[in-house]
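Novice: Read off the chains here:
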Amino acid sequence: MGTSKLLTTVAAIALFGAAGHAQAQEKLKVGVIATLSGPPAVLGQQLRNGFQLAVKNLGGKLGGREVELVVEDDELKPDVAVNKAKGLVDRTKADFVVGPIFSNILIAIMKPVTDAGTILISPNAGTSNFAGKECNPNFFVTSYQNDQNHEVMGKYAQDAGMKKVFLMAPNYQAGKDSIAGFKRYFKGDIADEVYVPLGQLDYSAELTKIAAASPDAIFVFLPGGMGVNFVKQFRQAGLADKVKFLSAFTVDESTLPAQKEAALGFYGGANWAPNLDNPQNKKFVADYEKEYNAVPATYAFQAYDAALLIDGALKLTKGNTSDKDALRAALMKANFTSLRGGFKFNTNHYPIQNFYQVKVAQRADGKFETQIDKKVFDGYSDPYAKDCPMK
Amino acid sequence: MSTGLFVVQVLNGLQFGVLLFLIAAGLTLVFGVMDFINLAHGVQYMLGAYLAVAFYALTGNFLIALVLALAAALVFGLLLEFLVFRHLYDRDHLEQVIATFGIIIFLNQAVKTVWGAAPLTLPIPEIFTGSIVLMPGLLYPVWRLVIIASGLAVGLLLYVLVSHTRVGMLVRAGATNARIVSALGVDIRRLFMIVFGFGTMLAAFAGAMIAPILSVEPGMGDTVLILAFVVIVIGGIGSMRGAFLAALLIGLVDTLGRSFATDILRLVMPPSPARTVGPAIASMLIYVLMALVLYFRPAGLFPVRGR
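Protein chains in written order, with the working numbering: chain A, 1359 to 1749; chain B, 35 to 341.
Worth double-checking, as some hints may not be accurate.
In silico lysine to any residue, SDA-like type, Cα no more than 20 Å apart, as pairs [as the list claims (entries may be wrong)]:
id, chain 1, residue 1, chain 2, residue 2
1, A, Lys1618, B, Pro159
2, A, Lys1733, A, Ala1518
3, A, Lys1534, B, Val311
4, A, Lys1600, B, Asp297
5, A, Lys1435, B, Ile166
6, A, Lys1725, B, Pro305
7, A, Lys1534, B, Ala314
8, A, Lys1387, A, Asn1678
9, A, Lys1451, A, Gly1677
10, A, Lys1618, B, Asn95
11, A, Lys1534, B, Thr155
12, A, Lys1435, B, Asn95
13, A, Lys1435, A, Gly1557
14, A, Lys1534, B, Ala295
15, A, Lys1600, B, Thr310
16, B, Lys146, A, Val1429
17, B, Lys146, A, Phe1703
18, A, Lys1522, B, Pro170
19, A, Lys1534, B, Arg300
20, A, Lys1435, B, Gln143
21, B, Lys146, A, Asn1651
22, A, Lys1618, B, Trp177
23, A, Lys1534, B, Gln143
24, A, Lys1541, B, Pro305
The set of hints was computed from the structure by calculation and includes no laboratory data.
Bound-form chain A, shown alone (with noise of 0.2 Å):
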């Protein structure tokens, strides 16, 4: 061999073994895609703050390395969203995406940031395909599948001997598999089911239906503003006196603000809340409330979650991100302690976890939160597991 071939082949393996050096000090980059602009903002910004106070707790870094975040706004435009994951994974080079709030933005992002190799962590949608058939080795999910805190509120209602339920949600595909979730452990009287134009402000027609079918509850989903609006004229129709007022996504940390004593005592469906009894809640409770004076609800402690799930697996591959085998097989393993207590993935990488029936209650402070009333399901995996052909 020449001398220049011998100083060329030197050089080109000192190179890569400096490559491989240099790869566990380079920063890990992390795009967090949600939801912040439109009234569903303050979702968005809980799922942002969440994730930046991990990243703050753990010193700026996730598994040793220095994390370089990139937040980008999906605007609910699935259109927009499908650019904005196109950037973050090939201009950002993220090694990590973080989103979607909704389900829609997460179907429309799944394909363009899996495909290219990146692994997505959805701290909130959780959509039936993707825990069945459709799932995908590079996607995890530490909120929920979407139908659970449904599902929650039916077996609650049927536990409690409730013989007739009114139910209402909005007229798309979220809605639907609401109602679908309830009525899979509900098996008393429906008195109507009703679906309602998203985002309708005024109840008064629906109001009056409620009140001639006099049902012993309501179960209704209302996210956001139409939570708002439907909670003030409930209570102010007088009926929150006559009829149990159940739900999911329409009383939580996000709307409870606006909804104020309107809500006081009404029902929810969901994996945690603020009161949670543990001591690395406690302190995440309090450090979200001092950096961001709001109570935080379950979109900024699952993406705190997330931020924990990434630090535990870097810690075990090292901070090596290049073996995606053994980064899968890292995050499978959940190597970090949960805010909620027991956290196991199952093997469609949805997680395996509690689910209470939570209360609505006037903290000391004046401010609003849910709290937890009775446990309802205890290490619930979600229906859709069976088809996922990933074992």
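Let chain A serve as the given structure and place chain B on it in line with the hints.
Specialist: Same frame as chain A, but now just chain B:
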């Protein structure tokens, strides 16, 4: 389906109609008189609600908050008129749409920057917090009756102003032919400014009155804007009477549709498809109505003559 239930739903429909009129009144005034498409009407409505919340937090009194909100909204409206709208009166409708759409985006973002993205709330004033019993088990908040009353009062005020005052006469003349009125020596620019300011105040008034029963959030004006346009298109642009009657009609059609569509469909099809088709039809009804009106009476139900 009892007669009692039907009567209550009709009342709900009329109430919703008066709510729509309150929102659409300002829009038809501006569009009718100045031939100016003001898409920013929705955000002016939203601004009224936000200003009411802000002044209520400062003063603790709803009436004072309302008056201050109206004053602040008027000032803001006149500022917008001076900065932006004044240059658009002679322009194409499309350019007016683009400019006012830009104002929507700007104000939605501004409101989010100042007050945050989370929904806010305004409590009902103390004296009106009671309810009346509408039917067994259903209470009707007195505040909704106050809204109906204020909607009717606004309607009456506008009728008196437009038909029986000098300013109203100038407004009606300006709506018919602005150039001739100007040639007759009337300061048409100042008239437009007065009309626009009044339209802004009406939008803000609607926002502040409705805030206690609805959530105050960025983008709350956008859904309302579409409904307001449907009202004035069906009623006839520039016509107060048209706006009032169209608003009541739309309120009734929408409410009765939402209440009974599924039940009516269940007479001809099994319950499960009825539950899917019913809400879909109910939400389309007012737009189908608008299409029918445009087909048979393109100028609306009560068009202003001489256009």
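Novice: Now tell me if each hint is right for this structure.
Specialist: Hints and how they fare:
Distance restraint check for A:Lys1618 and B:Pro159: the Cα-Cα separation of roughly 16 Å lies within the 20 Å cut-off, and the hinted pair is therefore satisfied. With a C-alpha separation of about 13 Å, the suggested pair A:Lys1733 and A:Ala1518 falls inside the 20 Å cut-off, and the hint holds. Our distance criterion of 20 Å between C-alpha atoms is met by A:Lys1534 and B:Val311, whose separation comes to about 13 Å. For the hint pairing A:Lys1600 with B:Asp297, the CA-to-CA distance comes to about 25 Å; that exceeds 20 Å, so the pair is violated.
Between A:Lys1435 and B:Ile166 the CA atoms are separated by roughly 43 Å; this puts the pair beyond 20 Å, and the hint is violated. With a C-alpha separation of about 43 Å, the suggested pairing of A:Lys1725 with B:Pro305 is violated against the 20 Å cut-off. With a C-alpha separation of about 13 Å, the suggested pair A:Lys1534 and B:Ala314 falls inside the 20 Å cut-off, and the hint holds. Between A:Lys1387 and A:Asn1678 the CA atoms are separated by roughly 13 Å; this keeps the pair inside 20 Å, and the hint holds.
With a CA separation close to 16 Å, the supplied pair A:Lys1451 and A:Gly1677 stays within the 20 Å bound. Between A:Lys1618 and B:Asn95 the alpha-carbon distance is near 19 Å, which keeps this suggested pair within the 20 Å criterion. A threshold of 20 Å between alpha carbons decides the hint, and for A:Lys1534 with B:Thr155 the separation of about 29 Å lies outside it, so the pair is violated. For the given pair, A:Lys1435 sits about 40 Å from B:Asn95 by alpha-carbon distance, which is inconsistent with the 20 Å threshold.
Between A:Lys1435 and A:Gly1557 the alpha-carbon distance is near 16 Å, which keeps this suggested pair within the 20 Å criterion. Our distance criterion of 20 Å between C-alpha atoms is met by A:Lys1534 and B:Ala295, whose separation comes to about 18 Å. For the given pair, A:Lys1600 sits about 28 Å from B:Thr310 by alpha-carbon distance, which is inconsistent with the 20 Å threshold. Taking the CA atoms of B:Lys146 and A:Val1429, the gap is near 18 Å; set against the 20 Å cutoff, the hint holds.
Of the pairs offered as hints, the one joining B:Lys146 and A:Phe1703 is violated, with about 37 Å between alpha carbons and a cut-off of 20 Å exceeded. The straight-line distance between the Cα atoms of A:Lys1522 and B:Pro170 is roughly 18 Å, inside the 20 Å bound, and the hint therefore holds. Pair hint A:Lys1534 plus B:Arg300 holds up; C-alpha atoms about 19 Å apart against a cutoff of 20 Å. Proposed proximity of A:Lys1435 and B:Gln143 is supported: the alpha carbons are some 17 Å apart, at most 20 Å.
Pair hint B:Lys146 plus A:Asn1651 holds up; C-alpha atoms about 17 Å apart against a cutoff of 20 Å. With a C-alpha separation of about 18 Å, the suggested pairing of A:Lys1618 with B:Trp177 holds against the 20 Å cut-off. Taking the CA atoms of A:Lys1534 and B:Gln143, the gap is about 32 Å. The hint is violated against a cut of 20 Å. Under the criterion of a C-alpha separation no larger than 20 Å, the hint pairing A:Lys1541 with B:Pro305 is consistent with the structure, at around 16 Å.
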